[in-house]
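Visitor: As you go down the protein sequences, you meet chains A and B in turn. In terms of the working numbering, the first sequence opens at residue 5 and continues consecutively. In terms of the working numbering, the second sequence opens at residue 5 and continues consecutively.
Treat the hints with caution; some may be incorrect.
Remember, identical chains collapse to one label, so a pair may be satisfied in a single copy or spanning two.
EDC-like cross-link-like pairs, simulated, lysine to aspartate or glutamate; straight-line CA separation at most 16 angstroms [as the list claims (entries may be wrong)]:
# : residue 1 : residue 2
1 : Lys256    : Asp23
2 : Lys285    : Asp560
3 : Lys283    : Glu509
4 : Lys278    : Glu509
5 : Lys278    : Glu473
6 : Lys22     : Glu450
7 : Lys520    : Glu546
Because the hints were derived from the structure by calculation, they are not lab data. It should be emphasised that the depicted structure is a prediction, and the values quoted were computed from it without experimental measurement.
One-letter residues, chain by chain:
There are 2 protein chains.
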Amino acid sequence: MNFKQYIPAFDWLTNYKKDHFKGDLSAGLTVGVMLIPQGMAYAMIAGLPPIYGLYASTLPLIIYALLGTSRQLAVGPVAMVSLLTAAGIGTLAVGGTATYIALAITLAFLVGLIQFLLGVFRLGFLVNFLSHPVISGFTSAAALIIGLSQLKHLLGINLGRSHHIHEILLEAFERMGELNWATFAIGIGGIILIKGIKKINKAIPGSLLAVVFGIVTVMGLGLTAQDVKIVGEVPEGLPSFVLPDFSIATMKTLLPVALAISLVSFMESIAVAKAIQAKHKDYKVVPNQELIALGLANIGGSFLQSYPVTGGFSRTAVNDEAGAKTGMASIISAVLIILTLLFLTPLFYYLPNAILASIIMVAVFGLIDIKEAKYLWTANRSDFWMLIATFVATLTLGIEQGIGIGVVLSLAMIIFRTTRPHVAALGNVPGTHFYRNIDRFEQVEERPDLLIFRFDAQLYFANTSFFKESLEALVAEKGTALKTIILCFNSINNIDSSAAHTLEEIVEYYRTNHIKVLFTGVRGPVRDAMERAHLMEKIGRENCFMGIQEAVDFMDGQRLKKAEDMDEYILQTNE
Amino acid sequence: MNFKQYIPAFDWLTNYKKDHFKGDLSAGLTVGVMLIPQGMAYAMIAGLPPIYGLYASTLPLIIYALLGTSRQLAVGPVAMVSLLTAAGIGTLAVGGTATYIALAITLAFLVGLIQFLLGVFRLGFLVNFLSHPVISGFTSAAALIIGLSQLKHLLGINLGRSHHIHEILLEAFERMGELNWATFAIGIGGIILIKGIKKINKAIPGSLLAVVFGIVTVMGLGLTAQDVKIVGEVPEGLPSFVLPDFSIATMKTLLPVALAISLVSFMESIAVAKAIQAKHKDYKVVPNQELIALGLANIGGSFLQSYPVTGGFSRTAVNDEAGAKTGMASIISAVLIILTLLFLTPLFYYLPNAILASIIMVAVFGLIDIKEAKYLWTANRSDFWMLIATFVATLTLGIEQGIGIGVVLSLAMIIFRTTRPHVAALGNVPGTHFYRNIDRFEQVEERPDLLIFRFDAQLYFANTSFFKESLEALVAEKGTALKTIILCFNSINNIDSSAAHTLEEIVEYYRTNHIKVLFTGVRGPVRDAMERAHLMEKIGRENCFMGIQEAVDFMDGQRLKKAEDMDEYILQTNE
Numbered sequence: 005m006n007f008k009q010y011i012p013a014f015d016w017l018t019n020y021k022k023d024h025f026k027g028d029l030s031a032g033l034t035v036g037v038m039l040i041p042q043g044m045a046y047a048m049i050a051g052l053p054p055i056y057g058l059y060a061s062t063l064p065l066i067i068y069a070l071l072g073t074s075r076q077l078a079v080g081p082v083a084m085v086s087l088l089t090a091a092g093i094g095t096l097a098v099g100g101t102a103t104y105i106a107l108a109i110t111l112a113f114l115v116g117l118i119q120f121l122l123g124v125f126r127l128g129f130l131v132n133f134l135s136h137p138v139i140s141g142f143t144s145a146a147a148l149i150i151g152l153s154q155l156k157h158l159l160g161i162n163l164g165r166s167h168h169i170h171e172i173l174l175e176a177f178e179r180m181g182e183l184n185w186a187t188f189a190i191g192i193g194g195i196i197l198i199k200g201i202k203k204i205n206k207a208i209p210g211s212l213l214a215v216v217f218g219i220v221t222v223m224g225l226g227l228t229a230q231d232v233k234i235v236g237e238v239p240e241g242l243p244s245f246v247l248p249d250f251s252i253a254t255m256k257t258l259l260p261v262a263l264a265i266s267l268v269s270f271m272e273s274i275a276v277a278k279a280i281q282a283k284h285k286d287y288k289v290v291p292n293q294e295l296i297a298l299g300l301a302n303i304g305g306s307f308l309q310s311y312p313v314t315g316g317f318s319r320t321a322v323n324d325e326a327g328a329k330t331g332m333a334s335i336i337s338a339v340l341i342i343l344t345l346l347f348l349t350p351l352f353y354y355l356p357n358a359i360l361a362s363i364i365m366v367a368v369f370g371l372i373d374i375k376e377a378k379y380l381w382t383a384n385r386s387d388f389w390m391l392i393a394t395f396v397a398t399l400t401l402g403i404e405q406g407i408g409i410g411v412v413l414s415l416a417m418i419i420f421r422t423t424r425p426h427v428a429a430l431g432n433v434p435g436t437h438f439y440r441n442i443d444r445f446e447q448v449e450e451r452p453d454l455l456i457f458r459f460d461a462q463l464y465f466a467n468t469s470f471f472k473e474s475l476e477a478l479v480a481e482k483g484t485a486l487k488t489i490i491l492c493f494n495s496i497n498n499i500d501s502s503a504a505h506t507l508e509e510i511v512e513y514y515r516t517n518h519i520k521v522l523f524t525g526v527r528g529p530v531r532d533a534m535e536r537a538h539l540m541e542k543i544g545r546e547n548c549f550m551g552i553q554e555a556v557d558f559m560d561g562q563r564l565k566k567a568e569d570m571d572e573y574i575l576q577t578n579e
Numbered sequence: 005m006n007f008k009q010y011i012p013a014f015d016w017l018t019n020y021k022k023d024h025f026k027g028d029l030s031a032g033l034t035v036g037v038m039l040i041p042q043g044m045a046y047a048m049i050a051g052l053p054p055i056y057g058l059y060a061s062t063l064p065l066i067i068y069a070l071l072g073t074s075r076q077l078a079v080g081p082v083a084m085v086s087l088l089t090a091a092g093i094g095t096l097a098v099g100g101t102a103t104y105i106a107l108a109i110t111l112a113f114l115v116g117l118i119q120f121l122l123g124v125f126r127l128g129f130l131v132n133f134l135s136h137p138v139i140s141g142f143t144s145a146a147a148l149i150i151g152l153s154q155l156k157h158l159l160g161i162n163l164g165r166s167h168h169i170h171e172i173l174l175e176a177f178e179r180m181g182e183l184n185w186a187t188f189a190i191g192i193g194g195i196i197l198i199k200g201i202k203k204i205n206k207a208i209p210g211s212l213l214a215v216v217f218g219i220v221t222v223m224g225l226g227l228t229a230q231d232v233k234i235v236g237e238v239p240e241g242l243p244s245f246v247l248p249d250f251s252i253a254t255m256k257t258l259l260p261v262a263l264a265i266s267l268v269s270f271m272e273s274i275a276v277a278k279a280i281q282a283k284h285k286d287y288k289v290v291p292n293q294e295l296i297a298l299g300l301a302n303i304g305g306s307f308l309q310s311y312p313v314t315g316g317f318s319r320t321a322v323n324d325e326a327g328a329k330t331g332m333a334s335i336i337s338a339v340l341i342i343l344t345l346l347f348l349t350p351l352f353y354y355l356p357n358a359i360l361a362s363i364i365m366v367a368v369f370g371l372i373d374i375k376e377a378k379y380l381w382t383a384n385r386s387d388f389w390m391l392i393a394t395f396v397a398t399l400t401l402g403i404e405q406g407i408g409i410g411v412v413l414s415l416a417m418i419i420f421r422t423t424r425p426h427v428a429a430l431g432n433v434p435g436t437h438f439y440r441n442i443d444r445f446e447q448v449e450e451r452p453d454l455l456i457f458r459f460d461a462q463l464y465f466a467n468t469s470f471f472k473e474s475l476e477a478l479v480a481e482k483g484t485a486l487k488t489i490i491l492c493f494n495s496i497n498n499i500d501s502s503a504a505h506t507l508e509e510i511v512e513y514y515r516t517n518h519i520k521v522l523f524t525g526v527r528g529p530v531r532d533a534m535e536r537a538h539l540m541e542k543i544g545r546e547n548c549f550m551g552i553q554e555a556v557d558f559m560d561g562q563r564l565k566k567a568e569d570m571d572e573y574i575l576q577t578n579e
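Extracted from the complex, chain A is given alone in its bound form:
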């Protein structure tokens, strides 16, 4: 067994240097200090008691540190996955109840299992089906939903459980009279504090200061009397070993949301891991091993009361900036959380929910990506609409549905585009051997007896009719002077059996109409496919040429080589 392959930590453990520890210690403590408020806040998004955010910040971090291929990735609770958890099990149980908590933990197990299996079966590439615009539209919408889900904590109004933004906003507006001014003031104070400190010095842990500010204010001014909601009793001690619910019925119910979380969380994690790795040359991120590491982190965590975790954007960036060199940094973060669980939980009794809400809002509103939408408006209009469609679908139909619709739409668009691809009639650029689109280039020369046709897509069942029709239209334009058609296969990367049938028909049809059909620049794999379909025999190998100029020369009777060399020449060099 190759330890280094299965347990990448061996690589850095066996070469661990004193120098590494300095960076790892500073980064580990910084991320740990961030994790305390973030973990509690994200647990709140997920509909769980805050302590579960800390439970999720212990064992999973250690497992990932040993099995993951990234050395800076900071694993733990993140906003998006927390929201997906809430959306997925919110319909099955009431938030915060024992049933709800048990479902969240089982969900972690199931997510872990799916990720582990995807990794083992090397299916990590599936995440490639999430395009830029879909990710951007989905993230912005999810950020908006997460942010607004915290509005009730910020205003101190007990809003309904709607996930629809217009309903949330309408209800908040109607019940503005119930606003708890003390809660609102603390929340706004927290936002200003975090934003302000970020501007002054990014190294200061703003959210931790906001936590201290919140606790001190509530205790000092006795604001619980003003009905300011606080975290209250936080159980002391480590998470206990509890088996997830393995019943088939539960697994079946949770499967769709577990699939969505598996892919979305892996996508978030791999994106940030790759971005950070690009700055470091001493290791390589391996997607399938990442799936295995995240999968086992979630499975392991689920036995110690953890809900789904993944590698997060902000903490990973902080981890790297603070000097993390190896997975040791994450282990140090986990140790800090364990110490907090053992000794510091009583301190959080007076922590106001409004502070946790302010931490969440600052974090997620930064994810709303208007720049990308603006860029796509000019750069790629159809991708812009894809972003908008995913954004709107996520907001109106729901989190998982939104990303599903985005993926299906973007694949449909790819297919649809190939059904009516770009085609061109080519002419000669005078004095060169180049042939270019006559509609784009004024100076190219066209001959009445020759049509050079280029089709810019793989030729397959969904576009063979279009191929035939667009060729027919160009042939009709040429009229009776036409003697030869050159099919420029430069940009045809693949043909299927429907295409082979169509090409055979076309060659036969024009031949009976006394028009020669020549082929140029046929790619290797396409030529192989033509051979297997016995199409080459019907076309005639002597009608295939390397370049358009060679076909034109042949047509004009100026053979490049002696006739007897022709066959071999064509066969060997034609691609």
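Following the hints, put chain B in place on chain A, whose structure we already have.
Guide: Just chain B, lined up with the frame of chain A:
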């Protein structure tokens, strides 16, 4: 309003010649004579009393003759659509009952409405998504199911209502003792008669002779006493005007099967219409008008007790061979059926079901296409598996599911193939300006300081990682001598915004590593997309060339033109 466009019959009606009538009369009578037994047999497949096959052979034929663009297409009941009808409404009502009949007629209305709307909104191209292998696999499986569904009529055993072939065969085998020898003998006689006559002379209407043979045998030998099942009382007279069931609930229930029938029947119809049109130069088949014509034929028919119809393979071929010149042939066929309904129905009283079964079996077993499967085995292995998958799915999961799975699988395959496309490192063919794949051509020359990379697919979100990784792998092979990368964009037909982001990253990454990145042969639409994404500025227009040789010359400092002409030259001619 342009009559000729909306009512194509004006075209042939206004130019109608005596000469046309001779062909139309002979063809119309021949097809009409075929229609009597076929219509009754296909109604039996659909689970309807035989008379409904004759009803469906009246008004729809006349409507199509006036509105359709094909002049030889013979519309009416066909085997495949009849089977789909049975599969679709068989679960909703018991075959032959009034409810069942009402559902079949409503189905015709709904199919017609869908086809009409598809035509009006010019969505006829949707049928292109049915690939050759999917059609072939589906047709063979459907033919097998149809054929076996008639086994009970051929054996005279009242088998269960299973659509699963292994269950049908097993039951038939187990209950072979119940075989009705007289029924079986008549059925086999019918098959031999039809097949034999076909071999001797195709012009003789074999199925009509089989009908006569069946009636005469049953009457002459008094076989009803032997429990030979006969058609029995056939109502006299024309179909009556009955409104389809317009309730939303019924429409909703029938919608999925109506969609499947709309597409499958259009596909069958347009395929045969186009095939026949290729032999005639005096008209053109217009797919969207075909949808409108078939749609109105079905809608109109549904008001006169017709079940779904379409243009059929065999009768169209016969129509054309018998000399049909215009839609008048179909009108004559319809008139013959109307006369039959008025005066001849009593003749069919003693027609044995076994004869109708033999007509169906001969017709459909001819559709089982083993040749195509054999061809694909060598020609295109993945299309072969696609055929098998559709075949198996249709047999085991059902008629509509089979075709749905086929379409989804073949699109998934197209997508999947583009995620890991063919890539090549190119080298120079000595003494020419050609550059070819170094793995395919031994004589090409490679330079240690230059990597020429070609990627054979559109570049989009699902394959940007693969692009990056395969380029990285080739760069790593080259080692430190590498100074320049030429990205040959000849076969990249499209880029999306994810691709634009990736290309920007790649150019920046290699530039910081002191490796030049040049682009050659960028297609017009791709260049436009690059411009809009502001990628051209980042790449530098001076790094784009028409051909690989030009880029190599530039790299070696041999500029083709004076430096000051360079920019314009590149901009104008680079494609």
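Visitor: Could you work out which of the previously given hints the structure breaks and list their numbers from low to high?
Guide: 1, 2, 6
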